[in-house]
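Protein chains: 2
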Amino acid sequence: MSSVLIFYLSYLLSLALGLACVVCVCVWNSQWRCGFAWDGSALEFNWHPVLMVTGLVVLYGFGAVVYRIPLTWGQNKLPWKLLHAALMLLSLILAIVGLCAVFDFHNAFKGPNLYSLHSWIGIAAVALFAMQWVVGFAGFLLPCSPPTLRKLLKPVHVWLGGSILLLTVAACISGINEKLFFVLKANISGAQAYSSLPPEAVLANVLGALIVAFGLVVLKILLNSEWQRPDSRPENMTYAPLLQEENE
Amino acid sequence: MSSVLIFYLSYLLSLALGLACVVCVCVWNSQWRCGFAWDGSALEFNWHPVLMVTGLVVLYGFGAVVYRIPLTWGQNKLPWKLLHAALMLLSLILAIVGLCAVFDFHNAFKGPNLYSLHSWIGIAAVALFAMQWVVGFAGFLLPCSPPTLRKLLKPVHVWLGGSILLLTVAACISGINEKLFFVLKANISGAQAYSSLPPEAVLANVLGALIVAFGLVVLKILLNSEWQRPDSRPENMTYAPLLQEENE
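Line by line, the protein sequences are chains B and H.
Each residue of the first sequence is one higher than the last, beginning at 1 in UniProt numbering.
Each residue of the second sequence is one higher than the last, beginning at 1 in UniProt numbering.
If you're looking for bench data, these hints aren't it; they were derived computationally from the structure.
Some clues are possibly wrong.
As the list makes no split between identical chains, a pair holds if one copy fits it or if it spans any two.
[Unchecked claim] Straight-line Cα separation of at most 20 Å, PhoX-like style, residue types lysine-lysine; simulated pairs:
hint, residue 1, residue 2
1, 154, 220
2, 77, 151
3, 77, 154
4, 185, 154
5, 110, 154
6, 185, 110
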């Protein structure tokens, strides 16, 4: 099987896994956790998993691999850079709104913030992501940034990008696990214990497995050197870049 | 800074982070969780985090990067393959004993096994690791395995190796998080709630952060193409391999 065919199969798999993650986290929180509100209640908290999984994992993963699509390699890189930056900005905004939901929820009952390992890993992921977006924008999109800086920055940007994905996967797994232990207790009226694996627990565990699978496929696409966009510009380019010659 | 110097700095960092993980998990369970026993009690459970972190994370990580050390590239590959296989086997044995500890603990009070997302991710990691070890032994160490099979197997082996590390990091983070919510409850006599971040919580959270940092440094070493052992055998080889010519 050719490398390009394996790429497209991996890419389709990442799209399917990403969409499955979004469907699972939405169904879990709308059907089993009573839906959404923005009122400091548990319904506001429900935005947290939905926005983190949709923004910080799925959109982030989709945004990370846009340069890897071989069909785009014959085209000007700039529109793809703008798409990459836009997807990542949308991912970051969703993640920040998702953090607001959980801070609001804790503050509404004067609960403490940022004490659990889940929260430490998660906040580190969002902080690194925000830093990565700002440095990426300044280094790769501003016309004044010198090509030598871009060459130095690129491997760090790719490695930090993959590392942030690993952090977000670890944060999601610990968060889903923690949430299920919190809410699935036999002593809460009508609730079944997590340990008896009620349908909600199976759904949320499957969501966790899908997130891990999505992360692994995205990292595979990201790190395979054969699937990296070639550095040199093709000779048959037909339209000029908007900002400057892009060769990094 | 030269690539070799950066490698050795990264390698020293991975050694330091790995040792720090082992020290932290041992101090946590011996000083704060009352030490160890093999009697079905919570003291038997304490072997679980110690053996998983020491075996499945630290020894696994050390074993994963042995081929990357440039000093070994001028030498016959076989002793390093045997060291890699031995470290991985020791890691797998420690992980299996670590699983026995938690199954024994649950079975002693007829508690259920393998329902949490932590346990699903963790058992998947150990099962994939056992499969990877057997396939790796058959494919890379048995003299009857053909070189073409080895060439096909190698990228899959490297990718699955990195993936297993990602699974184990996610399992460790969710496990430490879960354990701290279980044991640090204000309503248990003398205990402080996790949310008030008592010293034990800080130590175990730091352990989680060290595990993530160790995983990231090991993955960086593993996936950097400049640090991969060159395929071709050096001309100044002085002693013959024990099993067969190793060129994969």
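Checklist entry - So which hints don't hold here, by number, going up? => result The structure conflicts with hints 4, 5, although it agrees with all the remaining ones.
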